[in-house]
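The lines below spell out each chain.
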Amino acid sequence: MNIKKIVKKIDNYFDLSQKKQDEKKQKLLDILEKLMDKKLSIQKEIKKASSKKDKDELNLELKAIKNLIKKASIE
Amino acid sequence: MINSLKLHAQNIDNLEKFINENSNDLYKLIKNTSRIELIELKIDFQKIILFNKNILKKINTNIDEIYKETLKSLYSEIIRFSSLSQKHMTHEERTTVGSLKTASRKIVKSVKEIKELQKNINHFSQGKNSDIKYEYNLLREQLAYTLREIETLRKDEINEIDRLTKMETIKIKIDEFDAATNEKIDDLIRTNKIDARMATSLINDASFASHICVRLVEIANIMWIDDKEFQKIGEDNEY
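For the protein sequence lines, the chains are G and B, in the order given. Each residue of the first sequence is one higher than the one before, counting from 3 in my numbering. Each residue of the second sequence is one higher than the one before, counting from 50 in my numbering.
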């Protein structure tokens, strides 16, 4: 994500009322928590997975979750 | 025009319905271009795409006709309706309409690129160079893969986190596919298997194919992720 977009996001956030800012913050924290839970469960599944195909699929999913956590943190 | 707007797009739900119909048209076009039956894909993706007899037949879908007769008029009405009605909307409604407009724009852009892609797929699939034919079949494979995954996503009853993860997974796959294609093109040029004209077409079309695929995921993100915060996390806005 480029700097311009990040600045726009910050601007938009501070344009919100205090109540809306708190709601947004809480919502994002909830989403991040859910994503972290999913990340942990995938990591456990990877340890259990026996076939290479399953491991590859789970690793791809883990990569996706990590990307989403990064994006959610920027939000 | 205003009367027809009132008739066709009285509220945001209708607008959403229109865009869904438009995206269905886009899916049909991509399915036609990739010439893959989604059910067959489940058996052996690679084999089917390379050995399907239909793959070598010329694609006769008239994209210009579809664009002019259906998409263009609908797209114009969507833009007009949303521009006229936005001043009476709340901030949330304006955000929703803004996203729906983005989805329509992405659909129209993809249809235009599908037209370019179809032209070259037809041209090179009939040619004698098996290397370029193979590469164009791989582009079809990329389109078919994305389409299949999105179809599954649309049908499956899954929660927003899982849906978002699946979309991100598709995007990673598209990136990997794109990187592999670029590497392959370099190799084909170095070994003189394709000439400069073929290489330029393939480079452009590979980028069209991956842009269309990413846009499909982004349209799905707008249409099927209800929660605005989830939607924002899933969007990229690159294309």
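Treat the hints as calculated values from the structure; they're not laboratory data. Do not rely on the hints blindly, as some may be mistaken.
[Unchecked claim] Straight line, CA to CA, 27 Å or less: simulated DSS-like cross-link-like pairs of lysine-lysine: (1) G/K68 with B/K136; (2) B/K121 with G/K10; (3) B/K215 with G/K72; (4) G/K40 with G/K72; (5) G/K40 with G/K6; (6) G/K26 with G/K46; (7) G/K54 with B/K136; (8) G/K11 with B/K158; (9) B/K136 with B/K222; (10) G/K55 with G/K36; (11) G/K27 with B/K158; (12) G/K72 with G/K36; (13) G/K65 with B/K136; (14) G/K55 with B/K204; (15) B/K222 with G/K73; (16) B/K158 with B/K242; (17) G/K68 with G/K26; (18) B/K222 with G/K68; (19) G/K21 with B/K277; (20) B/K168 with B/K182; (21) G/K36 with B/K136; (22) G/K73 with B/K281; (23) G/K7 with B/K281; (24) G/K55 with B/K233; (25) G/K73 with B/K136; (26) B/K215 with G/K29; (27) B/K233 with B/K222; (28) G/K72 with G/K46; (29) B/K168 with G/K65; (30) B/K158 with G/K7; (31) B/K158 with G/K6; (32) G/K22 with G/K7; (33) G/K7 with G/K54; (34) B/K117 with B/K158; (35) B/K281 with G/K10.
Just so you know, these numbers come straight off a predicted model, no measurement behind them.
Here is how each hint holds up against the structure:
| no. | hint | verdict |
| --- | --- | --- |
| 1 | G/K68 with B/K136 | violated (39 Å) |
| 2 | B/K121 with G/K10 | violated (31 Å) |
| 3 | B/K215 with G/K72 | holds (16 Å) |
| 4 | G/K40 with G/K72 | holds (14 Å) |
| 5 | G/K40 with G/K6 | violated (31 Å) |
| 6 | G/K26 with G/K46 | violated (30 Å) |
| 7 | G/K54 with B/K136 | violated (55 Å) |
| 8 | G/K11 with B/K158 | holds (26 Å) |
| 9 | B/K136 with B/K222 | violated (40 Å) |
| 10 | G/K55 with G/K36 | holds (26 Å) |
| 11 | G/K27 with B/K158 | violated (34 Å) |
| 12 | G/K72 with G/K36 | holds (13 Å) |
| 13 | G/K65 with B/K136 | violated (41 Å) |
| 14 | G/K55 with B/K204 | holds (24 Å) |
| 15 | B/K222 with G/K73 | holds (18 Å) |
| 16 | B/K158 with B/K242 | violated (32 Å) |
| 17 | G/K68 with G/K26 | holds (21 Å) |
| 18 | B/K222 with G/K68 | holds (15 Å) |
| 19 | G/K21 with B/K277 | holds (17 Å) |
| 20 | B/K168 with B/K182 | holds (13 Å) |
| 21 | G/K36 with B/K136 | violated (36 Å) |
| 22 | G/K73 with B/K281 | holds (9 Å) |
| 23 | G/K7 with B/K281 | holds (12 Å) |
| 24 | G/K55 with B/K233 | holds (24 Å) |
| 25 | G/K73 with B/K136 | violated (31 Å) |
| 26 | B/K215 with G/K29 | holds (21 Å) |
| 27 | B/K233 with B/K222 | holds (16 Å) |
| 28 | G/K72 with G/K46 | holds (21 Å) |
| 29 | B/K168 with G/K65 | violated (36 Å) |
| 30 | B/K158 with G/K7 | holds (22 Å) |
| 31 | B/K158 with G/K6 | holds (24 Å) |
| 32 | G/K22 with G/K7 | holds (20 Å) |
| 33 | G/K7 with G/K54 | violated (39 Å) |
| 34 | B/K117 with B/K158 | holds (13 Å) |
| 35 | B/K281 with G/K10 | holds (13 Å) |
When held up to the earlier numbered hints, the structure conflicts with 1, 2, 5, 6, 7, 9, 11, 13, 16, 21, 25, 29, 33 and fits the remainder.
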